[in-house]
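Asker: One-letter residues, chain by chain:
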Amino acid sequence: MREITYLEAIREALQQKMREDDSVYLIGEDIAEYGGAFGVTVGMLEEFGKERIRNTPISEEVIIGVAAGSAMTGMRPVAEIMFSDFITIAMDDIANQAAKIRYMFGGKARVPIVIRTAGGGGTGAAGQHSQSLEALLAHIPGLKVVMPSCPYDAKGLLLASINDDNPVVFIEHKLLYKNKKYIQHVPGEMYEIPLGKGDIKRKGKDLTIVATSFMVQKSLDAAEDLKKEYNMDCEVVDLRTLRPLDIDLILKSVNKTGKLACVEEAPVFGGFMGEVASQVTEKGFDMLDAPIIRIAGRNCPVPYSLVLENEMIPGVERIKSSIKKMAGLSQGKE
Amino acid sequence: MEHEDIIKELGKEKLIGFYTKMVKIRSFEERIRFLFLEGKMPGTIHQYIGMEANAVGVCSALQKDDVIASTHRPHGHAIARGLSFNEIMAELYGRTTGCCRGKGGSMHLGNLEKGMLTAIAIVGGNLPIVVGMSLAFKLMKQNRVAVSFFGDGASNEGSFHESLNMAAVLNTPSVFVCENNQYGASTSIKKVMKIENIADRARSYGIEGVIADGMDVIDVYIHAKDAIEKARKGGGPTLLELKTFRFCGHSRRDPGSYIPKEEKESWQRKDPINNFKKLLLNEGLAGEDELDDINNLIEKELDESIIFAQESPEPAPEDTLKDLYATMEVPE
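Protein chains in written order, with our numbering: chain A, 1 to 334; chain B, 1 to 332.
Any given hint could be a false lead.
[Stated by the list, open to error] Rough simulated footprint, nothing fancy, chain B against chain A, three-plus residues with beta-carbon under 8 Å:
(1) 31–39
(2) 76–90
(3) 126–133
(4) 293–302
(5) 307–313
[Unchecked claim] Here are a few chain B residues that sit away from chain A, every Cβ distance over 10 Å (derived from the structure):
(6) Ile120
(7) Gly209
(8) Ser266
(9) Glu283
(10) Glu314
Quick caveat, the hints were computed from the structure, so don't treat them as lab data. The beta-carbon is built from N, C-alpha and C at its ideal position, and this holds for glycine as well.
Throw the hints in and build the complete structure from the sequences for me.
Answerer: The following block contains the structure:
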């Protein structure tokens, strides 16, 4: 069975969908000859031509506006915003336009756009090239927000996102793109993973970890260690889609384990896991044996120094020590 | 004025100063390229090689209390504005002695005490801020000027257009310096702009647009001085386009293979340092020995700054939440 990287899975989804559907086109900065800042679209200009692999000026707001406009008149654009930090520049066209147009028009329009963007830190790129802004986006009614954690999910979720008739923000993680540690068997044919369905990435009975994107991989590493070192069996739930949120899957797991630890890269204050914790408390209070904990980014911008960046972003050790403390296995530092 | 007259008017000291600053930038960039490849610095670096005349020409025309704002490619601006090798090098090493105490890194160099805002790594991000800084100078009746450095790519962002218009109607003492190095990351400006000169866009906002040769430090200096003095006298903003080129890729991992060989070579013939050195020698303003001494001193200063950076302390994990709010500790 062939195994491919996260980046290759994303590219394959784009290529296969574009071969099938002429209304799908890509638009973004440096995506044509250069193949994108991270190399996702390398080789696609040669196959699809410059009309469908549309290089643009550095103009994030208009990239999204153009994508939304063309979507309303029959196209199915996939826009690339180079770093997720730059999404803030396009925020009017995302939050005020794309997300609301269908609703404001009484359901008489469709805005089938996908906004692909590279999020997350761990790259020493400091405050303006490392952020995890998913909570801002998931907060806006009308948007769907997807964050794949592995190659298999990336392909299936991207195809589902392109086929979806709503604006979808598809946040990829820079540290997953080319990392050989996470290569995986990915079917050669097209398949969809439905938006709004989470996934159990590791079965367990003692504690539930809910995570997104790269934090799923770190949580899986932490869970393996906790099993080896303490015979503690964590279940790892990958949200895959933040909005719609698969709350039923989380509740089912918490009902089994009685404990919930939420892991995310973004600063904890106002982070997306606050929503998860709040819904679990509302709908599953009786299932809980302990207060829910959030293991997340510190409440500051992503710093440059590796010492500080490693402190700001949760790592495997912090996930382990927080869970150990929650489970009464240690008095470790959270 | 004729070139010869200008050279006479500037005088030897100033011209040697231009040369020294440009070599400082070039030597710094050449040196850190290797340090970066050795994995001593996190993240990426965007280098300024080939563009030295821009930063040096503009910054040499500023007064001490003026302010500049830079981009993701700020090393040259920082050196030209007078930041020390030590504080820049230590920042690239992520040390507490760096100009941003290790929190900003390569893309956010700056030191307001020396007249340089912390560099802003969002394309077009510094223009609105420069309008604001210069508006403050005007409101406080301070005789100061704020300068925005940005690239050709930024001139397609909304913030460029909105800032020029705002500066024009507020008549702020701002100078917008567009370093047109022909490429926004991998994309030739010719593919994303239908006009020849970015300076022409000034007309849409009722301000003056000026073009200078960004490979000639004297030409940059003269035009920058005009724009800066005009702003200082209440004459309002100017858009100054410097035609230039980077002799390296967009970022450290980019070999720049999208640049046609002939294009690169034709610009390399205009190398701002080589040509200026020839001029100094030809005009008898300096001898080879004198210039070699300058180069050697710079290399020594670089050696020292690397030692300084390597021996400086790393931040402690407890420093992560420091310096976020002015008067409040950040709760965990």
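Asker: Which numbered hints are broken by the structure, listed smallest first?
Answerer: Per hint list: 6, 10 violated.
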